[in-house]
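Novice: Residue strings, one per chain:
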Amino acid sequence: MSSLSRDEVARVAGLARIDLTPEELDRLAGELDVIVESVARVSEVATPDVPATSHPLPMTNVFRPDVPEQPLTQEQALSGAPASEDGKFLVPQILGEE
Amino acid sequence: MSAQSDLTRYSAAELADKLAAREVTSVEVTQAHLDRIAAVEPAVHAYLHVSAAEALATAADVDARRAAGEELHPLAGVPIAVKDVVVTQGLPTTAGSKILEGWVPPYDATLVERIKAAGLPILGKTNMDEFAMGSSTEHSAYGNTHNPWDLDRIPGGSGGGSAAAVAAYEAPLAIGTDTGGSIRQPGAVTGTVGVKPTYGSVSRYGLIALASSLDQAGPVTRTVLDSALLHELIGGHDPRDSTSIPEPLPGLVAAARQGATGDLTGVRVGVVRELQGEGYQPGVLARFEESLELLRGAGAEIVEVSCPHFEYALGAYYLILPSEASSNLAKFDGMRFGLRVEPTEGPVTAERVMSATRGAGFGDEVKRRIILGTYALSAGYYDAYYGSAQKVRTLIQRDFANAFEQADVLVSPTAPTTAFKLGEKLDDPLAMYLNDVATIPANLAGVPGMSLPNGLSDDGLPVGFQVLAPAKADDRLYRVGAALEALLEKNWGGPLLAKAPELEVGE
Chain A
1 MSSLSRDEVA RVAGLARIDL TPEELDRLAG ELDVIVESVA RVSEVATPDV PATSHPLPMT
61 NVFRPDVPEQ PLTQEQALSG APASEDGKFL VPQILGEE
Chain B
1 MSAQSDLTRY SAAELADKLA AREVTSVEVT QAHLDRIAAV EPAVHAYLHV SAAEALATAA
61 DVDARRAAGE ELHPLAGVPI AVKDVVVTQG LPTTAGSKIL EGWVPPYDAT LVERIKAAGL
121 PILGKTNMDE FAMGSSTEHS AYGNTHNPWD LDRIPGGSGG GSAAAVAAYE APLAIGTDTG
181 GSIRQPGAVT GTVGVKPTYG SVSRYGLIAL ASSLDQAGPV TRTVLDSALL HELIGGHDPR
241 DSTSIPEPLP GLVAAARQGA TGDLTGVRVG VVRELQGEGY QPGVLARFEE SLELLRGAGA
301 EIVEVSCPHF EYALGAYYLI LPSEASSNLA KFDGMRFGLR VEPTEGPVTA ERVMSATRGA
361 GFGDEVKRRI ILGTYALSAG YYDAYYGSAQ KVRTLIQRDF ANAFEQADVL VSPTAPTTAF
421 KLGEKLDDPL AMYLNDVATI PANLAGVPGM SLPNGLSDDG LPVGFQVLAP AKADDRLYRV
481 GAALEALLEK NWGGPLLAKA PELEVGE
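From first to last, the protein sequence lines stand for chains A and B.
Under the numbering used here, read the first sequence as residues 1 to 98, first letter to last.
Under the numbering used here, read the second sequence as residues 1 to 507, first letter to last.
With the rest of the complex left out, here is chain A (with noise of 0.2 Å):
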């Protein structure tokens, strides 16, 4: 399996949308690569015929009781926001200008 280099470590922070330095860049690439190259052994033995496995103890169409609940209040949902206004949560312009 190809090696991680630092240019595809700068593509995946950038969809994972965290900033880093040039020094964080160099760092994290020699690590991820080493990391990789180690976890890269599970297709050893994971055959075609190998169903996957996503949940320990698999359950479906679970629902709770159709009852309504006391939801948070208006105040409190808002209570850790970095900004707000007027009762609504306060954001960044979410478009660029083109």
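Note that these hints are calculated values from the structure, not bench results.
Glycine included, every Cβ here is placed at the ideal spot set by N, Cα and C.
Be a bit skeptical, because a hint or two may be false.
Listed next, the stretches of chain A that the computed footprint assigns to chain B, with coverage defined by at least 3 CB atoms under 8 Å from CB atoms of chain B [as the list claims (entries may be wrong)]:
| no. | region |
| --- | --- |
| 1 | 5-17 |
| 2 | 36-49 |
| 3 | 53-67 |
| 4 | 80-86 |
So the derived label-pair ranges between C-beta atoms look like this [claimed, not checked]:
| no. | chain 1 | residue 1 | chain 2 | residue 2 | range |
| --- | --- | --- | --- | --- | --- |
| 5 | B | D458 | A | T73 | 54 to 60 Å |
| 6 | B | R398 | A | V34 | 28 to 34 Å |
| 7 | B | A330 | A | E75 | 24 to 30 Å |
| 8 | A | G14 | B | K499 | 48 to 54 Å |
| 9 | B | G380 | A | P58 | 26 to 32 Å |
| 10 | B | A379 | A | P51 | 20 to 26 Å |
| 11 | A | G14 | B | E504 | 48 to 54 Å |
| 12 | A | T21 | B | E504 | 18 to 24 Å |
We have chain A already, so just place chain B on it with the hints.
Specialist: Using the frame of chain A, we list chain B on its own:
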């Protein structure tokens, strides 16, 4: 106050009896723990936040209700510490991260609701690796916790704060969470007891999720019986967690009391061949063999079992966990709670604010794992990494199923080594990950596991013994664990923690 009469030295079960008999009040017990916290925290740093006023108010309320003759929960008035990854209404909750510094949740986790309803004073929130990513508590954004056995060594992780608090008599009970060993490995290196229940045994509602298919909260205590008491309090079905098991818990306290008689006649104990040998410290293996002899002497039948796919568990875990974490931690976007950082130059758009916030708010290990997870899930790599890891999960479940046909419980050392020095493995992520090689398989399969102290290694530091049981058979952990604990303590003449050096107590 002498050590013998010090209220912080009793187990939770003993404190519960003294409270019920009205020999002591909850205010006295809670104050004794707050005094202990004040005295040893400068050296241990197990807590991120101490909620003295709230704890004393709960204690006074419980005392008043008891005086009025009200029927109370058996643990009412016994104080408890809660890992900082569990949300607590009105108490700061950071998960060890700068990105949540100062956040006060507007609701309680289900397990916290149950603790509050039963009247246990909450002493505070315990330190941990950031978002529970780590095996040493060194990845906390708020400084290391120190192992009470040797302050230069790690207390394990991610729940090093809870384990150290209990080991240093700063709390008789604590809550931990275990995604790959974060309850059991700290238990092993601090000489305390920790249980990861069956996946779905304890509600995950209100845990700040790391890896949703692996996370499980559980008890951190000094005795097996105390873990059973706490597990019964926090466990059981919760309609707010869709993976919660809709069945009553097996009798855990009863199993612990049965085990404490020391008789294991007819119990088949399977030794996992793949969880010993290379990489395990000689002193760890020696204590393990001695414990097996004790179990045999108690009437248990010891058999060897093979779980050939366990060697792939670490790899599968470090693909599944980062993948799930990369998705779960996407909510830290600087919009609705927590830190918000604006980029220093260029347009201030939501996307750029999110990147700047996460760049500034997440620590090294969190960045490492989110990027690894994003990579494993990205187009072109998904089948080879995440898909393969999920298949390994099936193979590990099959290994467990085969092993449990030959044995009622499986056993191994909890961790390959005793506590290492602070800083020793900080620059080598892969070496750090290897601490969890024996605990991870249980999380991948959802089965319950316990660690209990079974002696000191050649370096004088505590060693842990792991017991694993089939899903929903958590009672077997308590029976076998309590039996081994009773036999060991008979040999030692008391609990292992009595051998720990007394901490220098400040005035």
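Novice: Give a verdict on every hint.
Specialist: Here's how the hints hold up against the structure:
1. 5-17: holds (count 8)
2. 36-49: Result for this restraint: holds, n = 11.
3. 53-67: It holds: at least three residues are needed, and the region 53-67 of chain A offers 9 whose Cβ sits within less than 8 Å of chain B.
4. 80-86: holds (count 4)
5. B:D458 <-> A:T73: 54 to 60 Å: holds, 58 Å
6. B:R398 <-> A:V34: 28 to 34 Å: At roughly 30 Å between Cβ atoms, V34 (chain A) and R398 (chain B) fall inside 28 to 34 Å, so the hint holds.
7. B:A330 <-> A:E75: 24 to 30 Å: holds, 26 Å
8. A:G14 <-> B:K499: 48 to 54 Å: holds, 52 Å
9. B:G380 <-> A:P58: 26 to 32 Å: holds, 28 Å
10. B:A379 <-> A:P51: 20 to 26 Å: About 23 Å separates the Cβ atoms of A379 (chain B) and P51 (chain A), which means 20 to 26 Å holds.
11. A:G14 <-> B:E504: 48 to 54 Å: 49 Å Cβ-Cβ, so the 48 to 54 Å window holds.
12. A:T21 <-> B:E504: 18 to 24 Å: violated, 40 Å
Violated hints amount to a single one, hint 12; each of the other numbered hints is respected by the structure.
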